[in-house]
Amino acid sequence: MADTVAKIKIACTVNGERRSVQAYPMARLLDVLREEMHLTGTKEGCGEGECGACAVLLDGAIVNSCLVPAIDAGGAEIRTIEGIAGGEQLHAVQAAFLECGGAQCGICTPGMVIAALALLDRYPHPGDAEIREGLAGNLCRCTGYQKIFASVVRACEARPAQPEKKR
Amino acid sequence: MRANVPSYDLRVPENLPEALALLAREPGTWQPFAGGTDLMVLLEAGKLAQKRFFSLAKLAELRGIEVTADAVTLGALTTYTAVRNDPALQAEFPLLCSAARETGGIATQNRGTLGGNIANASPAADSPPALLAYDAELELISQRGARWTPYHGFHTGYKKMQIAPDELLGRIRLPRRARPWRQYYRKVGTRKAQAISKVCFAGAARMEAGTIGDIRIALGSIAPIVLRAVKTEDALRGKRITPAAISAAQECLAGKIAPIDDIRSTARYRLRVAQNLLEEFLLQLAR
Amino acid sequence: MKEKFLGHSVVRKEGREKVTGRARYVDDLAFPDASPEMIHGATVRSSVARGRILGIRYGDGIPWHEFTIVTAADIPGKNEITLIEHDQPCLAAGMIHHPEEPVVLLAHPDRYLLEQARQAVHIDVEPLPAIFTIEDSLSGREIIWGKDNVFKSYRVNKGDVDSAWARADVIVEGEYRTGAQEQLYIENQGMVALASPADGVTLWGSMQCPYYVHKALMLLFGLPAEKIRVIQAETGGGFGGKEEYPSMIAAHAALLAWKSGKRVKIVYDRAEDMAATTKRHPSRTRHRTGVTRDGKLVAMDIDFVIDGGAYATLSAVVLSRGTIHAAGPYSCPNVRIRAQTVATNAPPHGAFRGFGAPQSIFALERHLDQVARAVHLTPEEFRRRNFIRKGQTTATGQVIHEDVDLNALLDRALRESDYHAKLERFARENPGAAVKRGMGLACFCHGAGFTGSGEVTLASVVEMEATREGCVRILAASTEIGQGTNTIFSQIAADALGIGCDRIEIAQPDTGAVPNSGPTVASRTAMIVGKLVEEAALALKRTLLESGLLNDACTEEEFARACQSYIETRGPLRSRSQYEPPPGLHWDDATYSGDAYGAYAWAVYVAEVAVDTVTFEARVTDFVAVQEVGKAINPALAAGQIEGGVAQAIGMALYENVVWREGRMANGQMTNYIMPTAADVPPIRVFFEEQPYPFGPHGAKGIGELPMDGPAPAILNAIENATDICLREIPATPENIMEAMTEKVGAHG
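Chains as they are written, first to last, in numbering that gives the first Met the number 0: chain R, 0 to 166; chain S, 0 to 286; chain Y, 0 to 748.
Excised from the complex, chain R in its bound form (with noise of 0.2 angstroms):
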């Protein structure tokens, strides 16, 4: 067998919260959400970055979890799906994928509920382009996408009007 190197400490916060773990170096940051913090809203869809099942906010950043390294994760404020939600008041996305019908199977839902985020927090009023270009990294085989666009649609309307942050 080949060598095995040591776990190391990987301390973030996560939705808010200090958390510390230990992990591979090169184990993917979504097997550490998932099984060493018992955070399994987000998904393995892939496992090669393309449907975007896995993706969390890093540092305020949309990026696929099953392509970052642990160790990446250290000193890096996460948020995952668990952390969008204000306790059991829904966050206005939320609430319009479930008015939309936004989420038939659920198992992109969490990806795609974090790309709308950022989506909007990078353009709070997007254009029917932006949002397909923000959304097109999260694969859905179910809605053909209809209702998630009208559901990015419907949190803006919720939203206040914010001005416009290019990040």
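I should point out that these hints are in silico values taken from the structure, not numbers from a laboratory. Incorrect hints may appear among the rest.
Stated by the list, open to error - In the DSS-like style, the derived pairs of lysine-lysine whose C-alpha atoms are separated by at most 25 angstroms in a straight line are:
no.	chain 1	residue 1	chain 2	residue 2
1	S	50	R	6
2	S	57	R	8
3	S	158	S	230
This one's a predicted model, so the numbers in the text were calculated from it and none came from an experiment.
Chains S and Y: place on chain R using the hints.
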């Protein structure tokens, strides 16, 4: 996950001298790890042969975009997102911004880096054709010092580069052009987003009263390396854009590129589309 | 009965869990307090398409003593995954018939070590000649299954085709092909198993049909029904891909659990899921069609062949549906359909939304555009002259009893898509344009429920139980896989009982707790099982009314008090309903004729495409889907089904290409198997007409598969309209479009 993850080492040097010392001490043993968007895919597939990596995350010298009178210089760790958002690049090097926009999706763009894209040396990479069209230069640094080399000619064969085992890609320099060139970029992929290119074309030309003063043509996915079509450029330099000139250029291009059949596309398709993109570029110049 | 919820877009029942990430799919399940520990399972597969197993070698450097190792010899009952035939083993023992054939199972707590071990097992196979195409299979040059490689054939005969040719003024022939398609649910297949001789077998997993898994495991373990328990976890998409395959992965997990004494989880990664699980049957259809000078169908001779892969699995049923749908929603006095499904050495093909109909309908609707052209009629006019009407018969001789008005659907589709104006505009603008645009249409229908007497055989059951609090639980094996089962069942029951939707609970599909309401397939859940839900609800209400504890016009509080009172004084408040076929349906399996389905949904779809002559890419730029569906129980969910199905069919038509190498899928990663992203889909505009089907709940027909049938031919018809190239195969990749355009230019000099 098909790799034996516990057997992979990923260290984090605190600064550049430490990283370069590692490379000098054990050349060929440690491979740089930037955004990870290529390497982690290989890891997942069980195809990452290299086991020892060092992260570039703490190397501040590799970040940032610097604008001087004669060049825009990007750190190797510049992400696609940073490229897209940079005003200097948007104004003078829009093909690089187009390429960044076409790379993966937003999540990939937030992590993937220009340096990683160059060092990964995929012939299907989206940014290299733009870099070739801009006569990019690369800074290679080591404990022995730093040297600049033109990006054109950096790749010598499939995944082979002119970089010594103790060297690290530091910066990418884009010489500013005195007058604006006409520019064209088109990536033809398997779908509108999140696609590996089947053919990628970057073109830039300085027009002088309807004649091509100078020109750059670079293509991806049509050879084992990203290619600058030098012979085709020579055939067009100094010419007016006529149907005959376009045909001649297309024929010249066909003779110089070597597209293949693979699981994504066919050689015939790649050749034909490359020629069509060349024509589209030239017709645009003629307008 | 008041329709308070029916017909309204009630919010998805389990929607909150899904948008908050709290929904638990199989890979999320934790069993923290229960022992035994959970370990991981993996499958070692052949890599040769066909051959004889010579031996199994376990490589060096792996601590094999730590592993649970299972081969065919460990199977307690029959080494078979039960479906229709008995040809598919759970684990290959002597012969290999496809390159992903499972041979050895491994389990270990460390999943990284497990994967290294999997790679270290070598199956030595003496290769035998293998067959990979329909043509090679039919040629008989190598017999790989049965006597002649044919799993099943059907023949439909209406009228007398052979003598009808004489009456045709024009005869048009054509051959059409469809490739394999991967279901590509975003959640990979997975199962968790616990199994012992003492306690029996328990499975949790991603699936559409718990009772299919239940039946398969009974046979595999030689255990009685009550010793097998199958529980559906939240399932991330199925599309048919989780109809039959879950029995295989469940069997594997259960065998490892049985031998190890541990809880075993097998979850495929994307590469394994794509490689080893089922795909849509590739097809070849040959049409020979005779029409009169004014475009009336006189004779249709159809040869329909589908590639079933290495084992029979469900191919006979896919063939059946494809056959019955092959002649479309048209009236033609003479129809012959000769259909076969044949074996090749690829992993078995299986259920995928549409189930044979998308294949045969693609061929038909492509072909009819050619026929229209041959008699100088527009595609639209030709259809109008042949649409089936009430009182006329289908290819199987089924009399259409409803007032179907395909002309009206066509009118609406043309209007909503601005068809004529666009046709005219594109014709003007295309010459000289780099991007050519076109319009295309397809007219079709899709039968809901199991074919013929299938529903009678299923004899589906739904049970219902009231709680003291006045909530009512629905007990059914019908699974929620995204299509909205939980929500529409709640709506149906709520209206029948006269209580709120939120007072309805859906029991988790668990064979230990719910009756068999049949599989979640064949567009039957709303129409067939929904009706049973309604009947069970009405029966439960009736019980309360007859007990004198309730009046008909009661409030929710009164209902709750009545339930409490009933339960406290008389015991459990339950009801049960079982499927009864609608009167007058007759199907003859021997002659393959009669009433194939209780109800058809009818549709006309219109595609607008843009073909870029620089890159040869075709894109759908607008899509209109008009369908008559009986009743849309939940309009938002119904529209969601159509939108999703259209997108999946756009993938089938333009993007999704399975690249085969020696029976293996060479492009089994999401990077290289291309489904549409948010940037690729057009606006998909959905319109419903409602003509209630008397035997569906509130008139509802099934619609889950319908949207898969129309888009591909409509899109290729549009490509032909835009460019004049006649593509007869999907996917219509840019490479294929380029070759066709080049040929066309070459032909014209």
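Problem set entry | Earlier hints that do not hold, by number | none
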